[in-house]
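Q: Chain order of the listed sequences is A and B. Under the numbering used here, the first residue of the first sequence is numbered 1, with each subsequent residue one higher. Under the numbering used here, the first residue of the second sequence is numbered 1001, with each subsequent residue one higher.
Derived from the structure by calculation, the hints contain no laboratory data. Where hints are given, some of them may not hold.
[Said to hold, decoys possible] From the structure, some residues in chain A lie toward chain B, with a derived Cβ separation under 8 Å:
| hint | residue |
| --- | --- |
| 1 | Lys24 |
| 2 | Pro26 |
| 3 | Val28 |
| 4 | Gly52 |
| 5 | Leu53 |
| 6 | Leu56 |
| 7 | Asn196 |
| 8 | Ser200 |
| 9 | Ala205 |
| 10 | Ile221 |
| 11 | Val228 |
| 12 | Leu342 |
| 13 | Lys343 |
| 14 | Tyr345 |
[Said to hold, decoys possible] To give a feel for the contact side, a few chain B residues facing chain A, derived at Cβ under 7 Å:
| hint | residue |
| --- | --- |
| 15 | Tyr1073 |
| 16 | Leu1101 |
| 17 | Arg1129 |
| 18 | Gln1240 |
Note that the structure is a prediction, hence the values are computed from the model and not measured. Just so you know, even glycine gets a beta-carbon here, dropped at the ideal spot from N, CA and C.
Residue strings, one per chain:
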Amino acid sequence: MRNPFVMECGEFRASYKEDMALYKIPRVRYRVYAIIAFFAVFPLIFPEYYVGLATLCGIAAIGAIGLNILTGFTGLISIGVGAFLGVGGYTSAILTTKLGLSFWISFPLAGIVTAAVGALFGIPSLRLKGLYLAMATLAAQVIILFVISHWDSLTGGTAGMVLQRPSIGGYMLSSETGYYYLMFVILIFTAIFAMNLFRSRTGRAFVAVRDRDLAAEVMGINLFKYKVLAFAVSSFFVGIAGALLGHYTMIVSPELYSIQVSIEYLAMILVGGLGSVMGSIYGAVFITLLPVVLRGLIETLSVFMPGLEGVFAGLREVVFGAIIILFLIYEPEGLAKMWRNLKDYFKLWPFSY
Amino acid sequence: MPLLEVENLSLHFGGVAALNEVSFHIEEGEIFSLIGPNGAGKTSMLNCISGLYHPSQGSIKFDGREITHMKSYKRTELGIARAFQNIELFKNMTVLENLMLGRHVRMKSGVLSGGFYWGLAQKEEIEHRKAVEDIIDFLEIEHYRDQPVGMLSYGLQKRVEVGRALALDPKILLLDEPMAGMNSEEKEDMARFVIEIHEERKTTVVLIEHDMGVVMDLSDHIAVLDFGKLIGFGTPSEIQQNPKVIEAYLGEEQTG
Ligand SMILES: Nc1ncnc2c1ncn2[C@@H]1O[C@H](COP(=O)(O)OP(=O)(O)O)[C@@H](O)[C@H]1O
Ligand SMILES: [Mg+2]
C-alpha cells in the first residue's frame, strides 16, 4: 500500500479506509470519546439549572450545524433561520396538539416539512448571490412569520400554541435530565451526519459550489439541484432544532422566531467557524451562554454599582455586536480555528517559535 | 462517424464575432490540436463544446448526439472533460479532494447514504479513491496529495487540473494550453502525459497549444483559427503547407 506523505509525524495509515476515518489519529479519537463521555454523565454531576442551559446550547448547536451546512459549507447566506426554526416548532406543535400524533412521528416530520419549505425558498439561489440572496431569505423570514401570525385557526396567531414534552416507553422526558439526553442523542446524530456528509460525494459537491461554481458545473454538478438540496438538508436540521426547542420550552409563538434569532444563529457560525461542524457547536454554546454570563457579571457588579441592571438590555446588544465584529476582523475562521492554533502551539511546545 | 462534429458554429459578443461559421470534426482516439494567435477564439470554441458559452448559430454533435443546447453538467455526464487555461481548481481543497470531485458523475451516493456513510458511501469512497490514486501516481503528484491546491506551484496546479479532468474517465479531454507558462522540463513532462493518456487510456485529446514543435509532433489533425474564422484544417503536414496559415503566422510575427 501507499504511504501517504504529508501526515502528522509518525502517523502512517495502511488502508484508504483508515485514511478516510473521521478521526484518524488514535489520540484524537480517545479525546473525542472522553468529551462525549463527559457530556453523557453531565446531568448526573451538575445541578438542574446547568443541565437546562446545556440543553439550550445543544439545541442551538443542532440548528447552527444546519445553518452551517448552507452558509458555511455551501456558501449560501440565509437570514431566514429564525423563521425556519418556527416552521419546525409549529409543525410539531400542530401535529401533536391538533392531530394528536406522537412526538416521535411529529419530530421527524417537522424536519421534513421545514426541509420542503427551505427548498422552496432556496429556489431563487440559482440566480441570486451574496446580498441579493440575503434579501431573498429575508423575504422568506417575513413571509413565514406573516403566515404564522395571521393563520389563527391553525397556529393560534400571535398568542402561539402550548406543547407537551414527549415520553418514551412510559417514561416522561419532562425532567431536565430526560430532555437533556434527548437533545444529546440528536446532537450527536446531527454532528456525525454532517461530518460524514462532508467526506463523501454530496458534501464535497456542496463545498465545490461554494468555492468555484463554474468549475463545479464542469465537474458535472447540477448547480440548481445542489443549491436547493443544500437548503433542504440545512432546513431539515434547523427544523428538528425548532421542534426540539418548542417541546422544551413548551410554547411556540411568533416573537420567538424573529429576525434577531436569525442574526444570532449567523453569529454562532461566524464566531464558531464557517464550514466547521465542531465550530458550529462552539459558536452555539458561546452565543447561548453570552447573555447568561453577562447577566451574572452585571448582577455581581451591581452590588458595588447600583443601577447597573438598567443598562443590561442595551449592553447585551453592544457586546454581541462587538464580538461579531472582533471575530470578523481578527479570526474570520472562528473559534474552531483558534482551538486548532492552540493545539498546534502545544504540540510544538516548548519550541513554539 | 466522428466523435465530435462542429458545424457552422458562430458565437458573438455584442458586435464581435468570436467564432464565425466554424466547421470541423474530431475522430475518436486521435490527438487534435486547435491553434491560432491570441484572441483567435480557441478558448471560446472549447467553452461552446463544454457548454459554458452558447453559440448564436450552428451545431455541435458528440458521439452522434446533438449537444448544442445541452446543460454543461450533462455534457460532463456524457464524458466531456475540461482543463482550463486560467486554472479553475478548488483552491482550498486538497489534490485528492479535487480529483475526487472530478469523479463526481461516476459516483452515486446521495445525502442519506453520505450522511450515514457506513455501507454504500464508504464502499464507494474507497473504490473511487483507488481510481484517483492511480491518476495521482500516473501524474507523479503523490507527494502533494493532501496539500491544498492553492499552495502548489503554477506548474503543479496545471498538472492537478489535468488530473481532475482525467478523473472523469472522459471520452474526450479538452486541454486549454496545459503547457503555457511552464519551463521546458515541465513542458516535456506534460507532453509525455498527453501521449500516455492518448496511448494507454485511449482517450481522445483536444489540445490548445502555442508551441508548434509540440503541436506538429503530437497531433493527428489540426484546426487553425484566426479572428474567429477557420483558416486551416488537416494533418500537420497539410497545415504546414497551407498558405493562409503561413500568412496568418507570418503576419503575427511581423506585428509582434
Ligand atoms: N466572455 C467574453 N465576453 C466578451 N468577449 C469575449 C469573451 N470571451 C472571449 N471574448 C472575446 O472573444 C475573442 C476570442 O477569445 P478567446 O476565445 O479567449 O481566444 P483565444 O483562446 O484563442 O486566445 C476575443 O476577442 C475575446 O476578447
Ligand atoms: Mg485562450
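Q: Holds or violated: Asn196 of chain A as interface residue toward chain B, Cβ cutoff 8 Å?
A: holds, 4 Å
Q: Measuring from the C-beta of Lys343 of chain A to each C-beta in chain B, is the shortest one below 8 Å?
A: violated, 18 Å
Q: Tell me if Ala205 of chain A is really an interface residue toward chain B, meaning its C-beta lies closer than 8 Å to one of theirs.
A: With a closest approach of 6 Å, the Ala205 of chain A hint holds.
Q: Taking the least C-beta to C-beta distance, is Ile221 of chain A closer than 8 Å to chain B?
A: holds, 6 Å
Q: Is the hint on Tyr1073 of chain B kept, meaning its closest Cβ partner in chain A is under 7 Å away?
A: Constraint on Tyr1073 of chain B satisfied, holds at 5 Å.
Q: Can you verify the interface hint for Ser200 of chain A: is its Cβ closer than 8 Å to any Cβ in chain B?
A: holds, 4 Å
Q: Hold the hint about Leu56 of chain A up to the distance rule: shortest CB distance to chain B must be less than 8 Å.
A: violated, 25 Å
Q: Given a cut of 8 Å on the nearest C-beta pair, is the interface hint for Pro26 of chain A held or broken against chain B?
A: violated, 19 Å
Q: Let me know if the C-beta of Leu342 of chain A comes in closer than 8 Å to any C-beta of chain B, holds or violated.
A: violated, 21 Å
Q: Hint check: is the beta carbon of Leu53 of chain A less than 8 Å from a beta carbon of chain B?
A: violated, 29 Å
Q: With a cut-off of 8 Å on the beta carbons, see whether Val228 of chain A makes it to chain B.
A: Violated, because the Cβ-Cβ distance from Val228 of chain A to chain B comes to roughly 12 Å (cut-off 8 Å).
Q: If you take the shortest Cβ to Cβ gap from Val28 of chain A to chain B, is it below 8 Å?
A: violated, 16 Å
Hints 1, 2, 3, 4, 5, 6, 11, 12, 13, 14 and 18, counting from the list given before, are not met by this structure.
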